[in-house]
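So the sequence lines, in the order shown, correspond to chains D and E. At the far end of the first sequence sits residue 308, using numbering that gives the first Met the number 0, and the numbering has no gaps. At the far end of the second sequence sits residue 233, using numbering that gives the first Met the number 0, and the numbering has no gaps.
Some hints could be false.
Straight-line distance between alpha carbons at most 27 Å, and here's what the computed DSSO-like set of lysine-lysine pairs gives [to be verified]:
| id | chain 1 | residue 1 | chain 2 | residue 2 |
| --- | --- | --- | --- | --- |
| 1 | D | 239 | D | 15 |
| 2 | D | 14 | D | 208 |
| 3 | D | 14 | E | 78 |
| 4 | E | 76 | D | 14 |
In short, the hints are calculated from the structure, not lab data.
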Amino acid sequence: MAVIEASGLSKSFDKKVVISGISLSVERGEIFGFLGQNGAGKTTTIRILLGLLAPTQGSARVLGSDLMHDDRVRGRVGVLLAHNGLYPRLTARENLVYYGRLYGCRDADRRAEELLFLVGLTDAADVAAGDLSTGMQRKIGIARAIFHNPEILFLDEPSSGLDPEAQHMVRALILNLAREQTITIFLSSHHLDEVQRVCTHVAILHSGKILVHDSVAHLTAGSGRTMYEVGLTDPGEGEKASEILTGLSGVGEVSVELNRIAMVLSGVAPHEVVGALVAGGVRVDEARHRAHSLEEIYLTVLQEAEAAV
Amino acid sequence: MNPVFVIMEKEVRQIVSSRQTMISTILFVIIFAMASAPVTLVGEGNPVFLLDQVCFYLVLVLGIFTSYIFTGQVFLKEKQDGIVETLLCTPLSVREIWLGKVLGVTVPATILAYGAAALITAVAATLIDSPLFPSPPVLFHIIVVVPAFISAVSGLIGFAHLLLGMRDIQILNIGIIFGIIFLLTLTRSLLGPGFDVTWAVVWGSLLVAVLLLAIPFQFNRYINRERIVTTLPE
Ligand SMILES: Nc1ncnc2c1ncn2[C@@H]1O[C@H](COP(=O)(O)OP(=O)(O)OP(=O)(O)O)[C@@H](O)[C@H]1O
Ligand SMILES: [Mg+2]
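Whole structure, please, built from the sequences with the hints as guidance.
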């Protein structure tokens with residue numbers, strides 16, 4: 000059952016078209032990555048789904064309702080927008096309890112303890128939110144967003160502005176949530192890597208239009224071709240290796256980048272390829288299958304879209 | 000607990016805990032109350048009559064001023080840093096959010112106004128060295144009409160803060176300060192030095208406060224979520 004559904008969404012501000020004809024659907028339990036460059040229209044789409052903006056055309060339903068007019072259903076949705084929604088002078092705990100009570104949670108104090116523990120910030124419970132680091136604030140923001148056990152969680156660029164370590168922690172937290180709490184997550188991002196690692200499904204947004212809408216597994220599996228990669232001990236042997244590989248039948252699209260050689264195999268086994276290289280005197284450091292990265296797919300899709308214009 | 004009161008309680012707590020605002024507002028109230036209490040000695044007439052005039056006028060002014068300051072904290076600040084967007088995603092309606100905040104301003108501003116009235120009366124009584132108490136209409140004015148004005152001012156300005164963009168709010172704020180000064184000078188000169196605070200005056204001002212409060216109630220449909228979100232600063 001689709002818990003988020005948008006059909007033909009368009010939005011213009013004073014004749015400036017920001018998104019046009021966006022249709023998407025997210026099933027219960029998915030981690031949906033909404034990928035797009037700066038200004039692609041991610042935040043605008045999320046705001047429409049949340050009922051903060053009215054679409055110029057089309058309709059959006061979350062849990063079967065229009066959130067702009069359905070106060071009760073808004074209570075079943077959790078939200079972390081660009082701003083964490085925290086009051087800087089209230090402590091982490093006070094912030095959590097405050098929002099919990101706004102959502103009508105009964106045992107807000109106990110739930111706050113539970114969530115502070117979940118995000119690993121029990122020690123910071125009584126620190127004013129404004130005195131916490133950006134990464135800690137984001138984690139409290141996530142705890143705030145899931146306080147009332149929402150069925151769907153919207154996250155607008157949850158890792159933006161964080162250092163790599165904090166980004167990693169936030170991602171781990173999201174994955175953990177999705178796994179253990181069976182919550183549907185709608186996550187916007189411009190980090191391809193993040194979406195590939197965290198999401199089950201993805202839509203790529205470009206200039207207000209959706210270019211691709213698919214499962215991550217399906218996209219990265221490619222079209223039945225085996226992508227393979229060999230790493231060399233000595234980058235100087237790249238040219239020699241490339242010659243050997245080009246001579247083998249069933250090996251195509253050989254490309255060398257420093258000590259890494261990528262290729263597509265068809266009708267030839269990986270061990271035969273490695274064997275040929277070793278026999279030719281190339282020192283092989285490692286060899287592995289390679290999935291299409293979301294980055295490759297993203298760039299290809301973008302190029303196609305731009306060529307079509 | 001009703002979420003309107005959850006908001007109210009949080010706003011009260013936040014206003015009280017913002018030390019800078021609290022200290023400067025309390026100082027302001029004390030200085031004005033102390034400075035105007037001796038007026039009761041100056042006049043020829045009855046000290047109760049003079050105290051009535053001071054209390055009627057000054058407590059109202061201090062209440063409105065405090066309401067204006069606290070409203071900026073409660074409405075504008077949340078819009079400036081974008082917290083209000085998260086608040087709009089909760090199950091509360093825009094009207095409930097607005098109401099909770101207005102109540103949150105009204106409670107501490109009213110307490111300060113009551114404090115100012117008590118201070119003026121106490122200082123005046125000490126100065127003339129005899130017990131002194133405002134007349135019943137002025138007491139009613141302090142207890143009921145002043146809080147009504149505090150709510151009305153907060154309701155109106157808060158409504159404007161939700162509705163307008165940052166630049167418009169800045170212009171509005173300057174306008175409000177001059178507007179308040181102008182209205183005060185105007186009423187003062189209209190009332191004249193010998194004016195008596197009668198029940199008619201007090202009921203009249205209550206009516207004005209209620210009408211002012213009715214404006215944002217009436218026009219609540221103009222503050223929808225989209226309007227607030229599209230006037231957030233970048
Ligand atoms: N209220 C508004 N009025 C006018 N233009 C707007 C408004 N809100 C957004 N826009 C414009 O719409 C476009 C898309 O904005 P949006 O915030 O949805 O993009 P985004 O994908 O979230 O980008 P980012 O990665 O920067 O957050 C931008 O060009 C922005 O300037
Ligand atoms: Mg955005």
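Now for the hints, and whether the structure bears them out:
1. The straight-line distance between the Cα atoms of residue 239 of chain D and residue 15 of chain D is roughly 55 Å, outside the 27 Å bound, and the hint therefore fails.
2. Taking the CA atoms of residue 14 of chain D and residue 208 of chain D, the gap is near 17 Å; set against the 27 Å cutoff, the hint holds.
3. For the given pair, residue 14 of chain D sits about 26 Å from residue 78 of chain E by alpha-carbon distance, which is consistent with the 27 Å threshold.
4. Between residue 76 of chain E and residue 14 of chain D the CA atoms are separated by roughly 30 Å; this puts the pair beyond 27 Å, and the hint is violated.
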